[in-house]
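Construct all of the structure, not just a fragment, from the sequences and the given hints.
Listed in order, the protein sequences are those of chains A and B.
Each residue of the first sequence is one higher than the one before, starting from 5 at the first, in the numbering used here.
Each residue of the second sequence is one higher than the one before, starting from 6 at the first, in the numbering used here.
No lab work stands behind these hints: they were computed from the structure.
C-beta atoms are modelled at their ideal positions from N, C-alpha and C, and glycine is treated no differently.
Wrong hints could be hidden among the right ones.
Stated by the list, open to error - Taking lysine-lysine pairs in the DSS-like style, the calculated list, with each CA pair at most 25 Å apart, reads:
#1 A:Lys-20 <-> B:Lys-198
#2 A:Lys-165 <-> B:Lys-69
#3 A:Lys-231 <-> B:Lys-320
#4 B:Lys-283 <-> B:Lys-20
#5 A:Lys-223 <-> B:Lys-132
#6 B:Lys-167 <-> A:Lys-248
#7 B:Lys-134 <-> A:Lys-223
#8 B:Lys-72 <-> A:Lys-154
#9 A:Lys-248 <-> B:Lys-320
#10 B:Lys-298 <-> A:Lys-20
#11 A:Lys-223 <-> B:Lys-298
#12 A:Lys-248 <-> B:Lys-72
#13 A:Lys-248 <-> B:Lys-188
#14 A:Lys-248 <-> B:Lys-132
#15 B:Lys-188 <-> A:Lys-165
#16 B:Lys-69 <-> A:Lys-248
#17 A:Lys-231 <-> B:Lys-283
#18 B:Lys-72 <-> A:Lys-165
#19 B:Lys-21 <-> A:Lys-165
#20 A:Lys-248 <-> B:Lys-298
#21 B:Lys-165 <-> A:Lys-231
#22 B:Lys-159 <-> A:Lys-165
#23 B:Lys-134 <-> A:Lys-29
#24 B:Lys-20 <-> A:Lys-227
#25 B:Lys-318 <-> A:Lys-29
#26 B:Lys-298 <-> A:Lys-231
#27 A:Lys-154 <-> B:Lys-188
#28 B:Lys-21 <-> A:Lys-248
#29 B:Lys-167 <-> A:Lys-223
#30 B:Lys-323 <-> A:Lys-227
#31 B:Lys-198 <-> A:Lys-165
#32 A:Lys-108 <-> B:Lys-165
#33 B:Lys-318 <-> A:Lys-248
#34 A:Lys-227 <-> B:Lys-69
#35 B:Lys-198 <-> A:Lys-248
Said to hold, decoys possible - Footprint (simulated), chain A over chain B, 3 or more residues, beta carbon under 8 Å:
#36 60-70
#37 82-94
#38 116-129
#39 134-145
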Amino acid sequence: MKILVCISHVPDTTSKINFTENDTKFDTNGVQFVINPNDEFGLTRAMWFKEKQGATVHVVNVGGPETEPTLRKALAIGADEAIRVNTTATDGFSVAKQLANVVKEGGYDLVIAGRESIDYNGGMVPGMVAKLTGANFVNTCINLEVNEDKVTAVREIDGGKETVSTSLPLVIGGQKGLVEESDLRIPNMRGIMQARSKPLNVKEPVDASAETQTTNFEKPAPKGAVKLVDSVDELVNLLHNEAKVI
Amino acid sequence: MSVLVYTESEEGNFKKIALEAVSYATGIAEMMETTVTALAVNGGDASQLGTYGADKVLEVSNDKLSKFNAEAYADVIAQAAKAEDAKVVVLTSSANAKFMAPLIAVNLEAGYVPNVTELPAGTSPFKVKHSVFTNKAFATTEITTHVKVIGLAKNAFGLKEKSAAATSEAFSPQLSEDDFSVKVVSVDKATDKVTIADAEIVVSGGRGLKGPENWGMIEELAETLGAATACSKPVSDMGWRPHSEHVGQTGKPVASNLYIAIGISGAIQHLAGINSSKVKVVINNDPEAPFFKAADYGIVGDAFEVVPQLTEKLKAFKAQNA
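Right, dumping it as structure tokens:
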């Protein structure tokens, strides 16, 4: 089985979000970038398929040279090869088109992506890659088993979960549950050393125009101060008469 | 030309988010001087959609669609969009809507923007505001394609009644084998509990509760309020509560009217996930907890004392106002 894990290069979850150039660009100054958490759960599940079922695992990112440390980290965790599509990610659709091309050329059976990236929260890339490549698609996937080309997956739904059966080729939008937080791997020295000599192939982009264009960003209006109360009587009164939520 | 809105229902009743989506679609249709067509699959009472501005309701009644199936439902919506010559397709931000939206967008060669919080500033160019960085910021994005797909954020636009009458029409989509290549084997869903996605009120517990055995008082408070229960990331990571209750940046987003955080310090990742809730209440014994800076109301006190008192008070309040 050939697995492609899509890696989004995102600001660490503790990052302060600021914008620059007249609020048109995300301010990367002082920001630490990491593997998108939803992708990391998927990458860790892919390692299981590699170790238990002999799968080959490649990772891919659409982005400039600045994303290579993130791909190296994925190699240090255990991926066999990395691909960087050398173009600036503009919108979800154009990224999905680049990835679909990588999927077709590489003949991957299973594509694992995160449910959404924690920066732009688009949540569209996995579904679009599935539709563009004609693969089956399971979103918000929290468990995945593959036997030959038969697939059983569990997905989270509002208020519960659902078990589905399908077949390869498949794209999943994954999240926590694919593996547990405690299963995530911190690269060890051996992994980091090996990662240096693993292939990181830079691929030139195909023609893919964006369908959406972000013109500017803004931050939420600052919040008023908290109203501290001394008793539950006062709280219930305020929630009823002032906030009008009960 | 029209604006198409897909209206989600459960057991024959339209969801509140569906009615919100109709209200929103009506707002766009007014800007574009066109009509609103609502699409309902095995849905509820179609006249209800007219109340929020739908001019026409396409009703699909098909046993094959009795269970949600993303590929099949996306196909139905795309077919309806083509039949109605829809320029804008409005969806919600439910898990199912987010599953289908990218499939519909590719099918219609439409640009898609999720988590949209208000009506477009203008329709030519078509620019919408949407939340990004898990509610830590907003972006304004232009959709440049001929057809546009919009995912409306929950509880952002609200319900707006218009009291028009909607005409109903049966709609029979063409379904193929390929639409069902992902088959639902079983659904495991607690039907007696309010879900975080649908809840008007969410009661959430953190590490300050010291252990899973102390969740009884959280559940009792939630039950009194008709609320859903949720938890912080450490609580779900330690296995005190199921992952499905984890709210925050890497968990579920919350956009309820009222969010009550008990024993949660308010890490930046948690605050991001609950930011779009309208009113936030914090109960914490540490007055320095960062959550107090993000809250509307707070009680500095021991949760083990305050929560049972609050539940009692609310029971009395409910009895009085019943």
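A quick look at each hint next to the structure:
Distance check on the hinted pair: Lys-20 of chain A and Lys-198 of chain B sit about 36 Å apart at the alpha-carbon level, beyond 25 Å; violated. This hinted pair checks out: Lys-165 of chain A and Lys-69 of chain B have alpha carbons roughly 20 Å apart, not beyond 25 Å. For the proposed pair Lys-231 of chain A and Lys-320 of chain B, the alpha carbon gap of about 23 Å is at most 25 Å, so the pair holds. Note on Lys-283 of chain B and Lys-20 of chain B: the hinted pairing holds, with a Cα-Cα distance of about 19 Å set against a maximum of 25 Å.
Pair hint Lys-223 of chain A plus Lys-132 of chain B holds up; C-alpha atoms about 17 Å apart against a cutoff of 25 Å. Distance restraint check for Lys-167 of chain B and Lys-248 of chain A: the Cα-Cα separation of roughly 24 Å lies within the 25 Å cut-off, and the hinted pair is therefore satisfied. Distance check on the hinted pair: Lys-134 of chain B and Lys-223 of chain A sit about 12 Å apart at the alpha-carbon level, within 25 Å; holds. The hinted pair formed by Lys-72 of chain B and Lys-154 of chain A meets the criterion: a straight-line CA distance of about 21 Å does not exceed 25 Å.
Among the hinted pairs, Lys-248 of chain A with Lys-320 of chain B is consistent with the structure: their alpha-carbon atoms are about 17 Å apart, no more than 25 Å. A hinted pair counts as satisfied when its Cα atoms are at most 25 Å apart, and Lys-298 of chain B with Lys-20 of chain A qualifies at roughly 16 Å. Taken as a hint, the Lys-223 of chain A and Lys-298 of chain B pair is honoured in the structure, with Cα atoms around 16 Å apart against an allowance of 25 Å. In summary, the hint linking Lys-248 of chain A to Lys-72 of chain B is not supported, as the alpha carbons are separated by about 37 Å, beyond the 25 Å threshold.
Restraint check: the Cα-Cα separation between Lys-248 of chain A and Lys-188 of chain B comes to about 44 Å, which exceeds 25 Å; the hinted pair is violated. The hinted pair formed by Lys-248 of chain A and Lys-132 of chain B fails the criterion: a straight-line CA distance of about 33 Å is larger than 25 Å. For the given pair, Lys-188 of chain B sits about 14 Å from Lys-165 of chain A by alpha-carbon distance, which is consistent with the 25 Å threshold. Using a Cα cut-off of 25 Å, the hinted pair Lys-69 of chain B and Lys-248 of chain A is violated, with the two alpha carbons roughly 43 Å apart.
Taking the CA atoms of Lys-231 of chain A and Lys-283 of chain B, the gap is near 15 Å; set against the 25 Å cutoff, the hint holds. A distance of roughly 13 Å separates the Cα atoms of Lys-72 of chain B and Lys-165 of chain A; the hinted pair therefore holds under the 25 Å criterion. For the hint pairing Lys-21 of chain B with Lys-165 of chain A, the CA-to-CA distance comes to about 21 Å; that is within 25 Å, so the pair holds. For the proposed pair Lys-248 of chain A and Lys-298 of chain B, the alpha carbon gap of about 21 Å is at most 25 Å, so the pair holds.
The straight-line distance between the Cα atoms of Lys-165 of chain B and Lys-231 of chain A is roughly 31 Å, outside the 25 Å bound, and the hint therefore fails. Proximity of Lys-159 of chain B to Lys-165 of chain A is assessed by CA-CA distance (about 21 Å); at most 25 Å being required, the pair is judged to hold. This hinted pair checks out: Lys-134 of chain B and Lys-29 of chain A have alpha carbons roughly 16 Å apart, not beyond 25 Å. As the CA atoms of Lys-20 of chain B and Lys-227 of chain A are separated by approximately 30 Å, the hinted pair breaks the 25 Å bound.
At most 25 Å may separate the alpha-carbon atoms for a hinted pair to count; Lys-318 of chain B and Lys-29 of chain A exceed this at roughly 49 Å. The hinted pair formed by Lys-298 of chain B and Lys-231 of chain A meets the criterion: a straight-line CA distance of about 10 Å does not exceed 25 Å. A hinted pair counts as satisfied when its Cα atoms are at most 25 Å apart, and Lys-154 of chain A with Lys-188 of chain B qualifies at roughly 12 Å. Under the criterion of a C-alpha separation no larger than 25 Å, the hint pairing Lys-21 of chain B with Lys-248 of chain A is consistent with the structure, at around 19 Å.
Pair hint Lys-167 of chain B plus Lys-223 of chain A does not hold up; C-alpha atoms about 32 Å apart against a cutoff of 25 Å. For the hint pairing Lys-323 of chain B with Lys-227 of chain A, the CA-to-CA distance comes to about 30 Å; that exceeds 25 Å, so the pair is violated. For the suggested pair Lys-198 of chain B and Lys-165 of chain A, the alpha carbons sit about 14 Å apart, so the restraint of at most 25 Å is met. Our distance criterion of 25 Å between C-alpha atoms is broken by Lys-108 of chain A and Lys-165 of chain B, whose separation comes to about 46 Å.
Pair hint Lys-318 of chain B plus Lys-248 of chain A holds up; C-alpha atoms about 16 Å apart against a cutoff of 25 Å. The suggested pairing of Lys-227 of chain A with Lys-69 of chain B is violated, with an alpha-carbon distance near 48 Å, which exceeds 25 Å. Restraint check for Lys-198 of chain B and Lys-248 of chain A: the C-alpha separation of about 24 Å stays at or below 25 Å, so the hint holds. Taking a C-beta to C-beta cut-off of 8 Å, the stretch 60-70 of chain B contributes 0 residues in contact with chain A, too few for the three needed, and the coverage statement is violated.
Counting residues of the stretch 82-94 of chain B whose CB lies closer than 8 Å to any CB of chain A gives 0, which falls below the minimum of 3, so the coverage claim is violated. Three residues within the 8 Å Cβ limit are the bar, and the stretch 116-129 of chain B against chain A gives 5, so the coverage statement holds. Look at the stretch 134-145 of chain B against chain A: 10 of its residues bring a Cβ nearer than 8 Å to a Cβ of that chain, three or more, so the hint holds.
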